[in-house]
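With the hints as constraints, model all of the structure from the sequences given.
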Amino acid sequence: MKLAEMRDVTFGYGPTPVLERMNLSIGTSEFIGLTGPNGSAKTTTLKLLLGLLSPQRGEVSLNGRRADGRRMTIGYLPQQIASFNAGFPSTVWELVRSGLYDRKHWFSRLKKEESDRVEQVLQQVGMWEHRKRKIGELSGGQKQRVCLARALVTEPDLLVLDEPTTGMDTSARTLFYDLLEHQVRAHGRTVLMVTHDLEETLPRLTRLLVLDKRIRFDGTPVQFRERMDLADRPAPVPLYCCYDDHQPQQLVQLDAKSERVDRVEEGVR
Amino acid sequence: MLEMFQYGFLQNAFLAGIMIALVAPVIGVYLVLRRQSLMAETLSHVSLAGVAVGALLGLYPMLTAMVAALIGAVFVDTLRRSFKAYSELSIAILMSGGLASAVVLMSLNKGVSRSFTSYLFGSIIAVSETDLYVMGGVVALVGLFFWFLWRPMYVLTFDEETAQVSGVPVKLLSVSFSLLAGLVVAVSMPIIGVLLVSSLMTLPASIALRVSRGFAMTIFVAVLVGLTSVLGGLSASYALDIPPGGTIVLLLLAILVVTLIVKRIVSMIQARVGAEQDAENGNGVVRTLGER
Numbered sequence: 000m001k002l003a004e005m006r007d008v009t010f011g012y013g014p015t016p017v018l019e020r021m022n023l024s025i026g027t028s029e030f031i032g033l034t035g036p037n038g039s040a041k042t043t044t045l046k047l048l049l050g051l052l053s054p055q056r057g058e059v060s061l062n063g064r065r066a067d068g069r070r071m072t073i074g075y076l077p078q079q080i081a082s083f084n085a086g087f088p089s090t091v092w093e094l095v096r097s098g099l100y101d102r103k104h105w106f107s108r109l110k111k112e113e114s115d116r117v118e119q120v121l122q123q124v125g126m127w128e129h130r131k132r133k134i135g136e137l138s139g140g141q142k143q144r145v146c147l148a149r150a151l152v153t154e155p156d157l158l159v160l161d162e163p164t165t166g167m168d169t170s171a172r173t174l175f176y177d178l179l180e181h182q183v184r185a186h187g188r189t190v191l192m193v194t195h196d197l198e199e200t201l202p203r204l205t206r207l208l209v210l211d212k213r214i215r216f217d218g219t220p221v222q223f224r225e226r227m228d229l230a231d232r233p234a235p236v237p238l239y240c241c242y243d244d245h246q247p248q249q250l251v252q253l254d255a256k257s258e259r260v261d262r263v264e265e266g267v268r
Numbered sequence: 374m375l376e377m378f379q380y381g382f383l384q385n386a387f388l389a390g391i392m393i394a395l396v397a398p399v400i401g402v403y404l405v406l407r408r409q410s411l412m413a414e415t416l417s418h419v420s421l422a423g424v425a426v427g428a429l430l431g432l433y434p435m436l437t438a439m440v441a442a443l444i445g446a447v448f449v450d451t452l453r454r455s456f457k458a459y460s461e462l463s464i465a466i467l468m469s470g471g472l473a474s475a476v477v478l479m480s481l482n483k484g485v486s487r488s489f490t491s492y493l494f495g496s497i498i499a500v501s502e503t504d505l506y507v508m509g510g511v512v513a514l515v516g517l518f519f520w521f522l523w524r525p526m527y528v529l530t531f532d533e534e535t536a537q538v539s540g541v542p543v544k545l546l547s548v549s550f551s552l553l554a555g556l557v558v559a560v561s562m563p564i565i566g567v568l569l570v571s572s573l574m575t576l577p578a579s580i581a582l583r584v585s586r587g588f589a590m591t592i593f594v595a596v597l598v599g600l601t602s603v604l605g606g607l608s609a610s611y612a613l614d615i616p617p618g619g620t621i622v623l624l625l626l627a628i629l630v631v632t633l634i635v636k637r638i639v640s641m642i643q644a645r646v647g648a649e650q651d652a653e654n655g656n657g658v659v660r661t662l663g664e665r
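Residue numbers (our numbering), protein chains in the order written: chain W, 0 to 268; chain D, 374 to 665.
The set of hints was computed from the structure by calculation and includes no laboratory data. Nothing here was measured: the structure is a model prediction, and the numbers come from that model. Just to be clear, a hint being listed does not mean it is correct.
Cross-link-like lysine to any residue pairs, in silico, SDA-like; alpha carbons within 25 angstroms at most [said to hold, decoys possible]:
(1) Lys131(W) to Arg583(D)
(2) Lys544(D) to Ser60(W)
(3) Lys212(W) to Asp101(W)
(4) Lys133(W) to Met590(D)
(5) Lys544(D) to Gln55(W)
(6) Lys544(D) to Gly86(W)
(7) Lys544(D) to Arg56(W)
(8) Lys131(W) to Met641(D)
(9) Lys1(W) to Asp101(W)
(10) Lys212(W) to Gly86(W)
(11) Lys133(W) to Lys544(D)
Below, the structure written as structure tokens:
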């Protein structure tokens, strides 16, 4: 079943489009990594998918409905959300509980089982012990886990995360990715995550998208690795700069000729 | 001291003060958290232009101030979205526009300079019974708004994008909140004065944010601080024959300073106790190792 779809989407903040004729289909139980160089419209793609931006051309639909009139549950973790409002005067418990304040809860108290779910999710992300602390007192990694718990408490069909591990140390990142992988494998959720951390995420992903104005690669991590082996082709065309902790700005040359990229992409799809 | 309540104008002033102190700090907490602290200041300047229009046309000045504040609130919200990267520009544009309009309109009506002084700095004799009814209406409106919509307002205040994704009508709620802020600013003017009204919104919020744990507690403390300062300020204003607006704000500043000092002392004591406990634990380890 398709959870979300972008058909022939073009978008620009000015006259120059940052995203051209983008086609993307997202199914259930997928763990998708979205990567690409700076300015490749990764965040824009997420915002279009979520209905936060409207495409100039083309169409975006969620679960068969247009982005504006969605019915499925979506969890969203924007870039640096935790540091944006770090001084928010809420306890961890209050903030995670607020994830449940959708339309049906505007005027009614939470039920017992919903409060239980808050507890369960806090246990899952390892923040139950900190439930009475103010979010401003937490470390960056802990704040991100609280925000993830807030997104998870709605039991989302689709979980969308924009560089969620920025500023986390290696062990915190590993724990975070473990949590996401568990959501996909144990609960059948789909996770779409913008990431530059391919070294850590690639073994866990079921699908990788490389974006640069349009999708340059769409396939499994195994297919991506095979593609990287083609890097010794003559006159390589650098398509994507892959960052890792040990070798900043290590260049991964995906392919030599754009014609071949297109052909292989079609094969992958 | 209690004999002062035999005066009708003082009863009005205290009733008005209590009503304002119940709602202004609540609006203030949301303004501060939404990084719109200067919005109240802007709306008060726009309201002043409304008062000037009212005086010029011979209309009820609080009504014209409210209309001006409502128009200003819609403009602030619209401009904030237009200048997303520099949203404070909307504040600068409207603040100067509001004040410039007020100054020009005032100059056209020479006879109102005295009543303007009371609007600028507040007055305990300026509250009429009509003002009280209007204030009561605004307080009821604010109360209903937050009673029914505090949950989506909480989500919106934490982060607009996640609020929109979870189905909160961000624009509608944001404009409604700005309109309420405008109304509260306009009705607060007779007591606090245009130039100081924003202080009654943001200072209790800043004090509450320092000392509270949890959102509901922050709102409660802000209202408590607001009530204390308004009641204390009005009493001092009557006793010492000084303007109530300035007295209330000075009292708020005094509470803020005391809060900061006490918080600093408590932090120092906590740090010292923590260090002593660490040292004790450290010694404990050494002893344990020594025993081994």
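Checked hints:
{"no.": "1", "hint": "Lys131(W) to Arg583(D)", "verdict": "holds, 16 angstroms"}
{"no.": "2", "hint": "Lys544(D) to Ser60(W)", "verdict": "holds, 22 angstroms"}
{"no.": "3", "hint": "Lys212(W) to Asp101(W)", "verdict": "violated, 34 angstroms"}
{"no.": "4", "hint": "Lys133(W) to Met590(D)", "verdict": "holds, 12 angstroms"}
{"no.": "5", "hint": "Lys544(D) to Gln55(W)", "verdict": "holds, 21 angstroms"}
{"no.": "6", "hint": "Lys544(D) to Gly86(W)", "verdict": "holds, 24 angstroms"}
{"no.": "7", "hint": "Lys544(D) to Arg56(W)", "verdict": "holds, 24 angstroms"}
{"no.": "8", "hint": "Lys131(W) to Met641(D)", "verdict": "holds, 22 angstroms"}
{"no.": "9", "hint": "Lys1(W) to Asp101(W)", "verdict": "holds, 24 angstroms"}
{"no.": "10", "hint": "Lys212(W) to Gly86(W)", "verdict": "violated, 36 angstroms"}
{"no.": "11", "hint": "Lys133(W) to Lys544(D)", "verdict": "violated, 28 angstroms"}
The structure does not agree with the numbered hints 3, 10, 11 stated previously, though it agrees with the rest.
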